[in-house]
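There are 2 protein chains.
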Amino acid sequence: MNYPQVVIVGAGFAGINAVKALASYPVEVTLIDKKNYHTFYPLLYQVSAAELTSEQIAFPIRSFLRKYDDTDFILGEVTGLDRERNFVVLDDQNSIPYDYLILATGSKPFFFGTPGAEQHCMTIDTLQNGEKLRSQVLASFEKATRVEYQDRKKELLRFVIIGAGPTGVEYAAALAELIDGPLRKDFPHLDMTEVEIILVDALNSVLPRIDADKIQQIAKKRLHDLGVTIRLNAEVDAVTEERVKFKNGDAITAETKIWTAGVTTSPIFKEWGLPVTDRGDIIVQDTLQLTDSHNEFAIGDIARLENSDPLPKLAPVAIQQGEVAGKNIGRLVTGKPLKEFTYADRGSLIVLGRYRAVAKLGDHEFGGVLAWLIWGLVHIYYLIGFRRRLLVFINWLWDLFRFEKVERLITTNS
Amino acid sequence: MNYPQVVIVGAGFAGINAVKALASYPVEVTLIDKKNYHTFYPLLYQVSAAELTSEQIAFPIRSFLRKYDDTDFILGEVTGLDRERNFVVLDDQNSIPYDYLILATGSKPFFFGTPGAEQHCMTIDTLQNGEKLRSQVLASFEKATRVEYQDRKKELLRFVIIGAGPTGVEYAAALAELIDGPLRKDFPHLDMTEVEIILVDALNSVLPRIDADKIQQIAKKRLHDLGVTIRLNAEVDAVTEERVKFKNGDAITAETKIWTAGVTTSPIFKEWGLPVTDRGDIIVQDTLQLTDSHNEFAIGDIARLENSDPLPKLAPVAIQQGEVAGKNIGRLVTGKPLKEFTYADRGSLIVLGRYRAVAKLGDHEFGGVLAWLIWGLVHIYYLIGFRRRLLVFINWLWDLFRFEKVERLITTNS
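If you read the sequences in order, they're chains A and B.
According to this note's numbering, the first sequence is numbered sequentially starting from 1.
According to this note's numbering, the second sequence is numbered sequentially starting from 1001.
What the hints contain is simulated information worked out from the structure, not anything from laboratory work.
One or more of the hints may lead you astray.
Keeping only pairs whose Cα atoms sit at most 25 Å apart, straight-line, the calculated PhoX-like set for lysine-lysine is [claimed, not checked]:
id, chain 1, residue 1, chain 2, residue 2
1, B, Lys-1034, A, Lys-132
2, A, Lys-35, B, Lys-1185
3, B, Lys-1132, A, Lys-34
4, A, Lys-153, A, Lys-143
5, A, Lys-34, B, Lys-1154
6, A, Lys-34, B, Lys-1153
7, B, Lys-1035, A, Lys-143
Some residues of chain A that are not near chain B, with every Cβ distance over 12 Å (derived) [what the hints assert, rightly or not]:
id, residue
8, Pro-4
9, Lys-108
10, Asp-125
11, Asp-151
12, Asp-211
13, Gln-217
14, Phe-246
15, Asp-250
16, Pro-267
17, Ser-293
18, Pro-312
19, Gly-347
20, Val-378
Where a beta carbon is used, it is the ideal one built from N, C-alpha and C, also for glycine.
Can you make the complete structure from the sequences, with help from the hints?
Next up, the structure:
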């Protein structure tokens, strides 16, 4: 007999959790992704900080699918959607028919139209770009050993991080510890007081979207202790090859500019005639079905619930939505009533280097070693695969006890 | 006081062993390399077989140098040499003066002038190319799931390895096990009998340069058991985008063509006026000094001893020469007589997949589990760093007991 065909586009947190949820229903699942691996994005900044390797946070999708019957994988990009005849079109012009569709393609950096930002800023959004940032940081130190002019040296050793959200804050802390530990030992002839890490935000606080004053204060103090310069209320006007220019006329000259200020979704959804918001997110019902559809779902970073405030574009939301969307398709197939999605906010955890983190768990806001331990356990737990967990754990132990970030290879040209 | 300046070009096995040997002498050492890491080349083919990650076989040079006083590192390429005034020129036009110079820049693939070979063959010579080959192999399987024409599918699943020396043989075995294990599970809908691995050599035996008939026979049988097709006495005439053409008019159509047939050195040595052989190797005395020089040495793959038969271009030779060249400079500095290099051939070890290897140790030629155990211990031992040894060991255990090659990411475009 033919089972109903479910096509899932995107193998991020949302997509793979939809696969899991569908495992117990009589359906055939096809998962499509541009990459052959799932990326554990919450730890990607640690690749950029030479703490972890790409392989430690990426998992081959086909390995993950092995334990699920009636699932298949296609490596490819979905470039078209025919909603009347129910098929998606791939970049090689093949079309894949569906009875049910889940869109879970995730987000990409958003530059708010800032001139030069996309061209001149590095981002922490893909494995390749994560490695590229690591290579650029390390190559800047190598170059700094060989330049004569003091100004050029300072430019090379200045790192501007634009956006003081979780990624910006976590990377600033990790970068500070990379420099004030391994790199200090690697470059004994460089004067490390010349290194500057500058964390910039247009709003008036670090972690501005985490509504917890205490957390923000702890994070700010910790970053200060790590030697990170914080510039708030600093709106970026433009980025050039040499510098970050601010709206007030000020500017910072720096070789390395890192953009962690926002994310957006693909403009293609609008072209496909899907219901979208002004910013391009797909509008969904409480069941995660598109507002104009019965059999099409959108989940994760690209989804905007029509009846609630915007949710943060984070892994926990994607995981929970993947589960609900998968089960709702199962319910449709088996003739049961659908359930509505409600986000169970388990809180925020932001790590600030060794032994330090901040946590907002329910009404509890706290920092220090306990927050850090919880952070470590949660992230190890959510990594896929025992061997991968073990390897990440080993690298973290190395950092803790030997004050060492071991993955310091310059593997891409900067 | 000013110590004599020693400049070492190349941080391969030869270069880093020269650094070690110089540590006990009153000299200042500058090590120059194009990469910021040392690569453990004997295991590079395992990166191409999805067995190990790049980071597991690469070691940041500055980490290695930390324990040596009076040593410095420069990330750069040496593009010029002034032998009269004793300085090397870097790609950024800086010049570095030397009292003693060690050239240890290693070799690169040699294509014997075969038309199209360099353009259309993949190589296992750098970390980047090793990863590229892994990505190409995995991407070929992904593509094969989506093509309709049987001929095209067979092309995608055909892998031609040109050159049945140690690298070709070891990679053929590793590739066969990658396919007949993990990939068989990853691609349940592909017919694995359509996969072909073809190992080609112009000479009349596998491992032609290992003068041990028994070893050659064991290797041949083992490759046969693994499903590898061996074509001997097959001289390659040309390589095109689609196929490998042989001198006898025959041809094999294949997407993936891998060249492991030979290595050569840089033509720049001749331009610099160094004493070189027809093939471009630098001619050295028994002390490893250039034949026309007192203070300049060449070691490793680029060196050709004037008074002995050519040595194999392998890690053990490079390691031993690095040690002798370093000590000889120490002897020059401290006014002692130089020693002559003689190669202590400890034998050959070639691994042929799980539990199998062939060994030629002195007069003993044997295969099987014992050879494989020795191979594993030797390679783990020579890897730099305890953590790296541990991680490689974990990956190998995974392969042994779970029949799994875990690093199956497509990270580069093919």
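Against which earlier hints does the structure fall short, listed by number upward? The structure breaks none of the hints.
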